[in-house]
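Protein chains in written order, with the numbering used here: chain A, 1 to 114; chain B, 1 to 110.
Don't read these hints as lab results, they were simulated from the structure.
Computed from a predicted model, the values in this text were never measured in an experiment.
Hints should not be assumed to be uniformly reliable.
As the list claims (entries may be wrong) - Calculated Cβ distances over 10 Å to all of chain A for the following chain B residues:
1. Thr28
2. Ser32
3. Lys49
4. Pro110
Said to hold, decoys possible - Straight-line Cα separation of at most 30 Å, DSS-like style, residue types lysine-lysine; simulated pairs:
5. A/Lys9 x B/Lys68
6. B/Lys68 x A/Lys95
7. B/Lys77 x B/Lys52
As the list claims (entries may be wrong) - Pair by pair, the computed Cβ-Cβ distance ranges are:
8. B/Thr20 x A/Pro39: 36 to 42 Å
9. B/Asn107 x A/Gln107: 19 to 25 Å
10. A/Val52 x B/Pro10: 40 to 46 Å
We treat Cβ as the ideally placed atom computed from N, Cα and C, and that holds for glycine.
The primary structure of each chain is shown beneath.
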Amino acid sequence: DGGITQSPKYLFRKEGQNVTLSCEQNLNHDAMYWYRQDPGQGLRLIYYSQIVNDFQKGDIAEGYSVSREKKESFPLTVTSAQKNPTAFYLCASNKGGQLVTEAFFGQGTRLTVV
Amino acid sequence: GDSVTQMEGPVTLSEEAFLTINCTYTATGYPSLFWYVQYPGEGLQLLLKATKADDKGSNKGFEATYRKETTSFHLEKGSVQVSDSAVYFCALCNFNKFYFGSGTKLNVKP
């Protein structure tokens, strides 16, 4: 079955450490997105990529970094510069291009800083 | 910039009651509109969508009509079930960027 997979589901990090969240899709989608969700709040865009080897900052990119070396993969690194990283992180993808299609979401990674 | 505003929750209803969750948007051009549902601890699942004015999206008894004149996309269901309890997000997509509302939590009591 095609889909989008995030791992791990739960992640604990010590303060001052970088951590990388995985996002893989086998939907042959060009566009991929990372969102952050805080309790009781909506989704805020961190980074997005419309095509391999290209990505753009979203609304809250500070303290995060991404790469898009393969079409299927869009890992997110939460760096020590992110002041409040505890949150639920969601990865999404869609076909991209001129045709607007719905975004498909992974199951999320809950990151807790201890 | 583009944005989505939806009614704050939580919304608490009895089973078989009528549901409306209001959603309005601000956008340039001609966005596509979506409703997503999120169950606890999970990602978002597409509930329905509409890609142009006057389109009606529908799925699992839920409906929403794209109203360009009022810039709205209200979600409705005639008879809710306990299993509909979840958080509902209204979203728009414009130039392949998605914007989400803050979510409305729905609690349905038996």
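Hints, verified against the model:
no. : hint                            : result
1   : Thr28                           : holds (14 Å)
2   : Ser32                           : violated (5 Å)
3   : Lys49                           : violated (6 Å)
4   : Pro110                          : holds (25 Å)
5   : A/Lys9 x B/Lys68                : violated (39 Å)
6   : B/Lys68 x A/Lys95               : holds (25 Å)
7   : B/Lys77 x B/Lys52               : holds (21 Å)
8   : B/Thr20 x A/Pro39: 36 to 42 Å   : violated (25 Å)
9   : B/Asn107 x A/Gln107: 19 to 25 Å : holds (23 Å)
10  : A/Val52 x B/Pro10: 40 to 46 Å   : holds (41 Å)
Hints 2, 3, 5, 8 from the list above are not met by this structure, while the remaining hints are.
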